[in-house]
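K.L.:
One letter stands for each residue in the lines below.
Protein chains: 2
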Amino acid sequence: MTKVVQSALRPKERNEKRAALINIGTVIFTQKGFSITSLDEIVAIAEVPKGSFYYYFKSKDDYAMEVIKNYGIYFSNKLQRILNNTNKSPLERLKNFTQEAQKGVERYNFKRGCLIGNLGQEMASLEENFRVELLNVFTDWRTQVKNCIDLAKLAGEIKTKVDSTDLSNFFWCAWEGAVLCAKLELSTQPMKTVGKLFISELLQPVNKN
Amino acid sequence: MTKVVQSALRPKERNEKRAALINIGTVIFTQKGFSITSLDEIVAIAEVPKGSFYYYFKSKDDYAMEVIKNYGIYFSNKLQRILNNTNKSPLERLKNFTQEAQKGVERYNFKRGCLIGNLGQEMASLEENFRVELLNVFTDWRTQVKNCIDLAKLAGEIKTKVDSTDLSNFFWCAWEGAVLCAKLELSTQPMKTVGKLFISELLQPVNKN
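Protein chains in written order, with the numbering used here: chain A, 41 to 249; chain B, 41 to 249.
Do not rely on the hints blindly, as some may be mistaken.
Identical copies carry no separate label here, and so any pair may be met within one copy or between two of them.
Said to hold, decoys possible - Here are the computed lysine to aspartate or glutamate pairs in the EDC-like style, where the Cα-Cα straight-line distance is at most 20 Å:
1. K118 with E146
2. K236 with D206
3. K135 with D206
4. K151 with E173
5. K128 with E225
6. K151 with E167
7. K232 with D203
8. K109 with E225
9. K151 with E168
10. K186 with E225
11. K193 with E132
12. K248 with E106
13. K100 with E81
14. K248 with D206
If you are wondering where the hints come from, they were derived from the structure by calculation, not from laboratory data.
These numbers come from a predicted model, not from an experiment.
The task is simple: from the sequences and hints, build the whole structure.
P.N.:
Encoded structure:
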């Protein structure tokens, strides 16, 4: 396969190869970040000749932008699935998200973090268009959690009088930090503490059970 | 200077050169992280011939451990200065810390983050002894904030009934996340939101002014 000239592949195969490259980037960038990851590493895993990489993407930067967009869509869909699940109350949906995220971090042995957290830390050495794209993704997450908090308020589930946008922005800061701390401690305890106290102290459920 | 054989330097000069190398590492690692930073870059800024680097440090890893320790001491002293300032109440000291940190992030145009945050994100590609050392540093910060929260409770300044260790651990997750988000937004707003809501909702001051 590595010897196949990529342009000779059928459109379906080309799309699959491109998608595979993006998926590989998502895995590697959430583990190691962008700057340290070499194209050699990516093409070796994807079994694509290095020269053919440029058949799919203009540059490593162009590739990384696609990886960020892809991660943004994947995570946005995941949030939508959890936070719009009408089988549960809005507060239960938020709890569910924090629980699913803990399972995810454990599943990958605390090796994979959040792509936004990883690339955000590298910001000083990344191009401005990365920052804008990462912020776009993050803004979508904030909006989704803000909307869910509004629903919990409307349903009379929580007592907080704090503005929902502030609560959501606070949540995402604390949550990104919790994922970082989980990697540092090799434990989900920081995510447990943040999830629990965010709900009990910031949202203040009417029914404490 | 670059041509001087380092072993020919006097002990005072040697110590100064070693300290300069550590300071350079602190600046670069808080901006770019560890993995992407090359020794070439460090020795060029320090004006030390690359071969002489090994006169001061066994390896890049050994060097990075010294940088982490040095950052730990620097930041620990800064926290002690602010959180043990008996001219202010314990709660005022915590507020002061968050305000000073905002000024620091602005001063460096949102380019420098927290060394623990940056290296913590790289954890998957770092050696286990890095993780242990970063966690040691972080544990010291958590203990200092925990002690200050205990003092605020003792002084009757805050109403929270939540365990001080949990509050401090929560604070540091949220704060690391806030520093990350400040870099992403090029704004201190996330740090303002986290500082404000942590105090009003988690600590719950008796006197709200």
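K.L.:
Hint by hint, note whether the structure agrees.
P.N.:
The hints, checked one at a time:
no. : hint           : result
1   : K118 with E146 : within (17 Å within a copy, 34 Å between copies)
2   : K236 with D206 : both (18 Å within a copy, 10 Å between copies)
3   : K135 with D206 : both (18 Å within a copy, 18 Å between copies)
4   : K151 with E173 : between (24 Å within a copy, 18 Å between copies)
5   : K128 with E225 : neither (32 Å within a copy, 33 Å between copies)
6   : K151 with E167 : between (25 Å within a copy, 12 Å between copies)
7   : K232 with D203 : between (24 Å within a copy, 14 Å between copies)
8   : K109 with E225 : between (29 Å within a copy, 18 Å between copies)
9   : K151 with E168 : between (27 Å within a copy, 12 Å between copies)
10  : K186 with E225 : between (29 Å within a copy, 18 Å between copies)
11  : K193 with E132 : within (13 Å within a copy, 32 Å between copies)
12  : K248 with E106 : neither (43 Å within a copy, 47 Å between copies)
13  : K100 with E81  : within (12 Å within a copy, 22 Å between copies)
14  : K248 with D206 : between (23 Å within a copy, 19 Å between copies)
Hint check: violations occur at hints 5, 12; the rest are consistent with the structure.
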